Amino acid sequence: MNDDDSPTSGLDDTVHQRHRLGILTVAAEADRVDFGYLQSTLGLTAGNLNRHLAVLEDAKLISSHKEFHGRKPKTWIQITKAGHVALADEIAILTDLVRRHRHVAKPEPAPERSRR
Amino acid sequence: MAIDQPAKLLADLEALRTDTRNARHAYWLPVGTFGLLLSAAAPLYVQPMVVCNGTASCSYTVSTGVDARWLVGLGGGIAGAYWLVTLIVGAVVTAGWYAWYGRVTGLTTRVRGPVAAWTIGLLAAMTAVFYVGASLFFYVVPGRGFVPMFVVGVGLLALSVLEHSRLLAVVSILVCGWAVLVSLYNVENLLFRFLSAFGVPDQAMPFSTATTVDVLVPGALLLATACGAFWADLRRR
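These protein sequence lines are chains A and B, in that order.
FYI, in the working numbering the residues of the first sequence are 1 to 116.
FYI, in the working numbering the residues of the second sequence are 1001 to 1237.
These are computed hints drawn from the structure, not numbers from a lab.
Because the structure is a prediction, the values reported are computed rather than measured.
All C-beta atoms in this analysis are idealised placements derived from N, C-alpha and C, irrespective of residue type, glycine included.
It is possible that part of the hints are untrue.
Pairwise CB distance ranges, derived in the manner of DEER restraints [what the hints assert, rightly or not]:
no. : chain 1 : residue 1 : chain 2 : residue 2 : range
1   : B       : 1116      : A       : 104       : 48 to 54 Å
2   : A       : 28        : B       : 1233      : 19 to 25 Å
3   : B       : 1164      : A       : 60        : 22 to 28 Å
4   : A       : 58        : B       : 1131      : 25 to 31 Å
5   : A       : 40        : B       : 1180      : 44 to 50 Å
6   : A       : 89        : B       : 1112      : 24 to 30 Å
7   : B       : 1181      : A       : 65        : 46 to 52 Å
8   : A       : 71        : B       : 1093      : 26 to 32 Å
For lysine-lysine, the following BS3-like pairs were computed, each having C-alpha atoms within a straight-line distance of at most 30 Å [to be verified]:
no. : chain 1 : residue 1 : chain 2 : residue 2
9   : A       : 66        : A       : 81
10  : A       : 72        : B       : 1008
11  : A       : 60        : A       : 81
12  : A       : 60        : B       : 1008
13  : A       : 72        : A       : 60
14  : A       : 60        : A       : 74
Isolated chain A (complex conformation) (with noise of 0.2 Å):
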C-alpha cells in the first residue's frame, strides 16, 4: 500500500497526540479556557501542559494571552480557525479508522437456507 493511500496518512503528528487532541477538544468547546482548568481536566503538569501549548500555539492551533484577576494572574487559551479545522479533521480520519475496522471486523452473513 502507498503512504498516502494509508488510512493513517491524513493524521497530523502536531494535532494527533493524545493531550494535544484534548487541549482542542475542550478549547472548541468554550470561547476561552483556563490554564487550570486544562490542568485538572486533562490532569497534567504545568510544564507538561506548557510544552503542550506552545507546540499547538506554534503551529498556530491555539493562541493564549495572560491576564489578571486582582493579583492573581490567569493564562486563557482560545482555539483558532486553523485549530478549529485541524480538530476536524483529526475526528473525521480517527471515525473513519474506526468504521473501516468494523467494517472489516464485521463476519460475513451465512447464506441463507432454502426453505422446503
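Knowing the structure of chain A, use the given hints to seat chain B on it.
Using the frame of chain A, we list chain B on its own:
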C-alpha cells in the same frame, strides 16, 4: 497503531467534550430571571372591572400617565416601560452572569449573540413606530404589546445555540410561539371555555385576572426550565 486505540480515543474525546459542555452550562440564571420578570408583569395585565348597567361586567382602560410614543412598540404605557426594563435587566444579568461564571469555572461563553438579539429587538420595537407610523405598525404587528416577549424568546433561542441546549431551544420557540399566539388571539377565551365546561357561571368568571395568563404561562414555563436546569447542574457537580 492498534485499531482499538482510535475508538477509545474518540470515546475519551466525546466524554471530554460532554464534560466541558456540562461544566459550561449556566443558562438557568438568565432563564430564571426572565421567568421571574414575566411572571411579575402579571399585575400589569389585570383588567380593572366596572359594573355596566348594573347587570354585566365589562372592562375599561385606565390612563397610565406614561404615554411616550417610543414605548408604543413595547405595548405602551407602564407595560411598555416594564418590558423596556425587563429586556435591559435580562441582557445585563446575562452578560454579567456569564462573565462571572467564566472567571470562576475557567470556561468562558461569549454571549454577544443573545445580548445583540435583545438589544436590536428592543431598538427595533421602539423605533419601528416612527418609521412606519403607528397605524401601519399595529396593522403589521397586532398591538397587544407582546413584541418584547417575542424578542425575549429570540434572545433565549440564540442562548440555546451557544449552550448547545435542545431543551432551551424548544422552550425559546414555545415562548416565541406563545407571544405570536397572544398577539393574534385572546387566549383567556380558552380559560373561560374551560371553566364554563366545568359549570362555572358567568358571574364567577375571573374576567379581570384572566388576561394575566398571557404572561404567567411563559413566565411559569421559563421558571420551571430554570429550576430543572439548576437541579441538573447541581446533580452533575
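Right, here's what the structure says about each hint:
A beta carbon spacing of about 50 Å between residue 1116 (chain B) and residue 104 (chain A) agrees with the range 48 to 54 Å that was offered as a hint. At about 22 Å, the beta-carbon gap between residue 28 (chain A) and residue 1233 (chain B) stays in the expected band of 19 to 25 Å. Checked against the hint of 22 to 28 Å, the C-beta distance between residue 1164 (chain B) and residue 60 (chain A) comes to roughly 26 Å, which is consistent with it. At roughly 53 Å, the beta carbons of residue 58 (chain A) and residue 1131 (chain B) sit outside the given window of 25 to 31 Å.
Checked against the given bound of 44 to 50 Å, the beta carbons of residue 40 (chain A) and residue 1180 (chain B), roughly 46 Å apart, stay inside it. Range check, residue 89 (chain A) to residue 1112 (chain B): Cβ separation about 28 Å, and the 24 to 30 Å hint holds. Look at residue 1181 (chain B) against residue 65 (chain A): about 47 Å separates their beta carbons, and that is inside 46 to 52 Å. Taken as a hint, the range 26 to 32 Å holds for the pair residue 71 (chain A) and residue 1093 (chain B), whose Cβ atoms sit roughly 28 Å apart.
A distance of roughly 20 Å separates the Cα atoms of residue 66 (chain A) and residue 81 (chain A); the hinted pair therefore holds under the 30 Å criterion. A threshold of 30 Å between alpha carbons decides the hint, and for residue 72 (chain A) with residue 1008 (chain B) the separation of about 37 Å lies outside it, so the pair is violated. Of the supplied pair hints, the one linking residue 60 (chain A) and residue 81 (chain A) holds, its CA atoms being roughly 9 Å apart against a limit of 30 Å. For the proposed pair residue 60 (chain A) and residue 1008 (chain B), the alpha carbon gap of about 27 Å is at most 30 Å, so the pair holds.
Under the criterion of a C-alpha separation no larger than 30 Å, the hint pairing residue 72 (chain A) with residue 60 (chain A) is consistent with the structure, at around 27 Å. Restraint check for residue 60 (chain A) and residue 74 (chain A): satisfied, since their Cα atoms lie roughly 20 Å apart, inside the 30 Å limit.
The structure is inconsistent with the numbered hints 4 and 10, although it conforms to all the rest.
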